[in-house]
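Student: Sequence:
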Amino acid sequence: MITPELIKDAKKGSAAAQRLLFDQFSDRMLMVCRRYVKNQQDAEELLLDGFYKCYAALPGLQYQGEAALYSWLKRIMINECLMFLRRKNSFVIVSEYVAETVALEEDVLNILSAAEIFNLVIQLPAGYRTVFNLYVIEGMNHGDRSTVRYYRRNFQISAEQSEIIITKNAHAAKY
Numbered sequence: 030m031i032t033p034e035l036i037k038d039a040k041k042g043s044a045a046a047q048r049l050l051f052d053q054f055s056d057r058m059l060m061v062c063r064r065y066v067k068n069q070q071d072a073e074e075l076l077l078d079g080f081y082k083c084y085a086a087l088p089g090l091q092y093q094g095e096a097a098l099y100s101w102l103k104r105i106m107i108n109e110c111l112m113f114l115r116r117k118n119s120f121v122i123v124s125e126y127v128a129e130t131v132a133l134e135e136d137v138l139n140i141l142s143a144a145e146i147f148n149l150v151i152q153l154p155a156g157y158r159t160v161f162n163l164y165v166i167e168g169m170n171h172g173d174r175s176t177v178r179y180y181r182r183n184f185q186i187s188a189e190q191s192e193i194i195i196t197k198n199a200h201a202a203k204y
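Under my numbering, think of the first position of the sequence shown as 30, with each following residue one higher.
No wet-lab data here; the hints were simulated from the structure. Hints may contain errors.
[As the list claims (entries may be wrong)] No farther apart than 25 Å at their CA atoms in a straight line, the calculated lysine-lysine pairs in the PhoX-like style are these: (1) K40 to K117; (2) K82 to K41; (3) K67 to K82; (4) K117 to K67; (5) K117 to K82; (6) K82 to K40.
None of the values given here were measured: they were computed from a predicted structure.
Hey, can you work out the whole structure from these sequences and the hints?
Tutor: Here you go:
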């Protein structure tokens, strides 16, 4: 359990307190990183870089509960992943994608397990995967952040187009 005292100790640089923070959140933050990068080793490195930034920024954090701390850590991890993808320049520039008129088959998505959906998302090209994660998983909308506008402008894809691709892949895999 995360307590205000633990955060206070972590702010002071206590290795034990920082380790407890890491142990508490590392599994969930690793899954956040894995949604953005295909390679497990890259995700683990991004996790460590993210926690390093977290520890450096802790003195300025006003602890407002575990849920707020989780959101703050998650935002740091997402930013680390986005910066990694920019540095790696692994985005495939997508020309104007003309989506076929495909009705999303709700029943196909409902029968897929979380692991199957994760595997489908991981197979998307980096640009599609990033936009899908930001819109569908993170719940950002068109006006949330300049980062989202950057990706929409440069990759010319929408969350709906990513959903169509996932639905098509899921449908093809099942039949």
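Student: Is the straight-line distance between the alpha-carbon of K40 and that of K117 25 Å or less?
Tutor: The given pair, whose Cα atoms are some 32 Å apart, is violated under the 25 Å limit.
Student: Holds or violated: K82 with K40, Cα cutoff 25 Å?
Tutor: holds, 12 Å
Student: Given the hinted pair K82 and K41, is their alpha-carbon gap at most 25 Å?
Tutor: The hint holds at about 15 Å.
Student: Given the hint that K117 pairs with K82, test it: the Cα-Cα distance must not exceed 25 Å.
Tutor: Holds, because 19 Å separates the two Cα atoms, which is no more than 25 Å.
Student: Between K117 and K67, is the straight-line Cα distance small enough, at 25 Å or below?
Tutor: holds, 13 Å
Student: With the threshold set at 25 Å, check whether the alpha-carbon distance from K67 to K82 stays at or below it.
Tutor: Cα-Cα ~22 Å, so holds.
The earlier numbered hint that this structure contradicts is number 1, and it is the only one.
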